[in-house]
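Asks: Which chain is which? The protein sequence lines are A and B, in order. First residue of the first sequence: 1, per my numbering; consecutive thereafter. First residue of the second sequence: 1001, per my numbering; consecutive thereafter.
Do not rely on the hints blindly, as some may be mistaken.
As the list claims (entries may be wrong) - Partial chain B-side listing against chain A, Cβ under 8 angstroms, derived:
hint : residue
1    : T1156
2    : E1209
3    : A1250
Stated by the list, open to error - With a straight-line cut-off of 27 angstroms between C-alpha atoms, the simulated DSS-like cross-links for lysine-lysine are:
hint : chain 1 : residue 1 : chain 2 : residue 2
4    : B       : K1279     : A       : K290
5    : A       : K277      : B       : K1267
6    : A       : K56       : B       : K1256
7    : A       : K277      : B       : K1279
8    : B       : K1243     : A       : K290
9    : A       : K64       : A       : K94
As the list claims (entries may be wrong) - Computed footprint of chain A on chain B; a stretch qualifies when at least three of its residues, placed anywhere within it, have a C-beta under 8 angstroms from a C-beta of chain A:
hint : segment
10   : 1059-1072
11   : 1240-1247
12   : 1276-1288
Since the hints were derived computationally from the structure, they do not count as laboratory data. Built from N, CA and C at the ideal position, the CB exists for glycine as well.
Residues per chain, in single letters:
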Amino acid sequence: MKIHEYQAKDLFTAYGIAIPPSKLVVNPLQAYEASAELGGDLLIVKAQIHAGGRGKAGGVKPAKSAEEAARLAEEMFGKVLVTHQTGPAGKQVKKVLLSQGIDIQKEYYLAILIDRNTKRPAIMASTEGGVDIEQVAAEQPEKIIIVNTHHGAELSPFTAREIAFGLGFSGKQVGKCVKLIQNLYRLFVEKDCSLIEINPLALTGDGDLVPVDAKVTFDDNGLYRHSDIRKLRDYDEEEPLETMARHYGVDYVKLDGRIGCMVNGAGLAMATMDLIKLYGGEPANFLDIKGGANKQNVVNAFKLLTADPAVEAVLINIFGGIVRCDMVAAGILEAMKEVDVKAPIVVRIEGTNAEEGRKLLLDSSHDFVVAENLDDAAQKVVAALPGGDA
Amino acid sequence: MSILVDRNTKVVVQGITGKEGQFHTRQCIEYGTRVVAGVTPGKGGQKMDDVPVFNTVAEAVDATGANTSMIFVPPVFAPDAVLEAAAAGLQLAVVITDGIPAMEMVRVLAQIADSELRVIGPNCPGAISPGQAKVGIMPGHIHQPGRVGVISRSGTLTYEVVAQLTAAGIGQSTCIGIGGDMLIGTDFIDCLALFEQDDETDAVMMIGEIGGEAEERAAQFIKQNMQKPVAAFIAGLSAPPGKRMGHAGAIISGGKGTAKAKLEALKAANVAVVENPAKIGQTMFNVLQK
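All chains should be modelled from the sequences, with the hints used to inform the complete structure.
Replies: Shown next, in the form of structure tokens:
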């Protein structure tokens, strides 16, 4: 689960990490009041959307006065930002963070993440902050320090010191860096984060280390034990169909194509999308009805899938194992009583009770295209698209 | 021989009295697996069909000589179940449970590091050596005894692949679903090494997916250590970056974990890479003809 920068910074504050004074605003009036309260001769106006690359898209702007900040914020509200992470549709700005500018002497990069390889958390840092860290990793890998931690909620100071010295800190800054990393680590472990990233982390003229930006994402599997974190979910930032899918207990991801897919199992769902693409089509979604799916899941999943106006043809691919194909077929027919689907539907069902499932579909009053196998199914659904090619 | 599970596998099912535990225990027994015990704290002394239920794994091991656990307990209790399996001296735990927080797996895997226990999963379909033993939730009937090993991060995609292999007349020595989570107990390299040593395995089919760098590291291992031929498919060529595709571990983040990068690494390691998921069986057939 992703959260906004302002929410991440609130968590930082709760964990004893100082951030620049800032205020969240949701309308122009608030922007004028808040910028006047913050004051100072440098304010940063930051659009709050769930995507990186805001700066380049015009979503982060400096202002030299409170009036200028308020005016920039007013312009930002309602604007659609398109970054490399938003997709071509972009994201509309509904919230803006106004933040006091700070005296930045040098910019660093600091992150905590889960290292799949060592099966432990890792702290990653670089003296090359404020720039695209992926580029640093590709071009100057020697400028990135990675230190694996041990399990447990507390981080031993020596681990944090490795980072502090690695970044070239000395004197009082070592202690400040260690404290910062320990606090971040406590947040990471206690709240089941999957990533904490600060880019840039600023060294100020006063010798303090201050997060200028903050990105925190959470492990979905850990959300059950953090009601406070669950409340941070911003439904405005999510695809409405994806929100509905979570409610229905299925995994759904909206994509840009015209072929709707319903599959059991995440790997098979991805492979089905890949095959559609191989035959010149574009999937409209990823949809996994999951292993333990019952008839109601199938009904809901089918309705969800066909609720997407972009869907012009449907491919249902079920490899029955634990999930019975006749149950899936019955679910599809049940759903079709409630929703009127005009798009052609190609069905490939294999495995447990496949014969019974196929018979149910073929004997119904609907025109299903029944495919022989996976290859056949993908070709048939691409051919079934109105207007031929994808 | 086969790997990990075989005729000598004696299974204790942790969470045997739950709905899933009961269903899959019966399926495993029907397949011929020796399920010797079940564990549900507080239900010791009862029976699930003919299988005796114990309060603790240690009691189950003492009474029945179980050497492998199959874990169905919910995510909240699963970490403890794995630790209990390790403490009881078991060699293998197949963790079917989906939804265990990554930080819990960090803790559990660190705590069992010095024990005898190998963990497969979590969030996996388990392992099967066709004709010998099935310790997992895969449909047994699609498998056929033979000499190709299968390793996969997926569930139903593995069934698809196995069905294609069987349809092409290619039997399997052992099929392992290693799990779709970020942190798993047994990875591609562990299984590749076991298959390389197994004299009843001639070739290996590897099914990867987007996310992480396990396939890239496997490619490196294959290049340096494998004599036996390997074929591979990677799911998610069409997946967008930054979106989790069902599995907790299936996400392209920070430009890392793309299917393309994985395919290239595998090609460079001389692995027979297949891009059409409907042609996986055919690809392995061609590999075996060489």
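Asks: Next step is simple, just say for each hint if it's right about the structure.
Replies: Status of each hint after checking the structure:
1. T1156: holds, 3 angstroms
2. E1209: holds, 6 angstroms
3. A1250: With a closest approach of 6 angstroms, the A1250/B hint holds.
4. K1279/B to K290/A: Distance ~24 angstroms between K1279/B and K290/A Cα, so the pair holds.
5. K277/A to K1267/B: holds, 21 angstroms
6. K56/A to K1256/B: With a Cα-Cα distance of about 22 angstroms, the restraint between K56/A and K1256/B holds, given a limit of 27 angstroms.
7. K277/A to K1279/B: Given pair K277/A, K1279/B holds - Cα atoms ~15 angstroms apart, limit 27 angstroms.
8. K1243/B to K290/A: Holds, at about 17 angstroms.
9. K64/A to K94/A: Cα-Cα ~23 angstroms, so holds.
10. 1059-1072: Contact hint for the segment 1059-1072 of chain B vs chain A: violated, 0 residues under 8 angstroms.
11. 1240-1247: holds (count 8)
12. 1276-1288: n = 4 at 8 angstroms, threshold three: holds.
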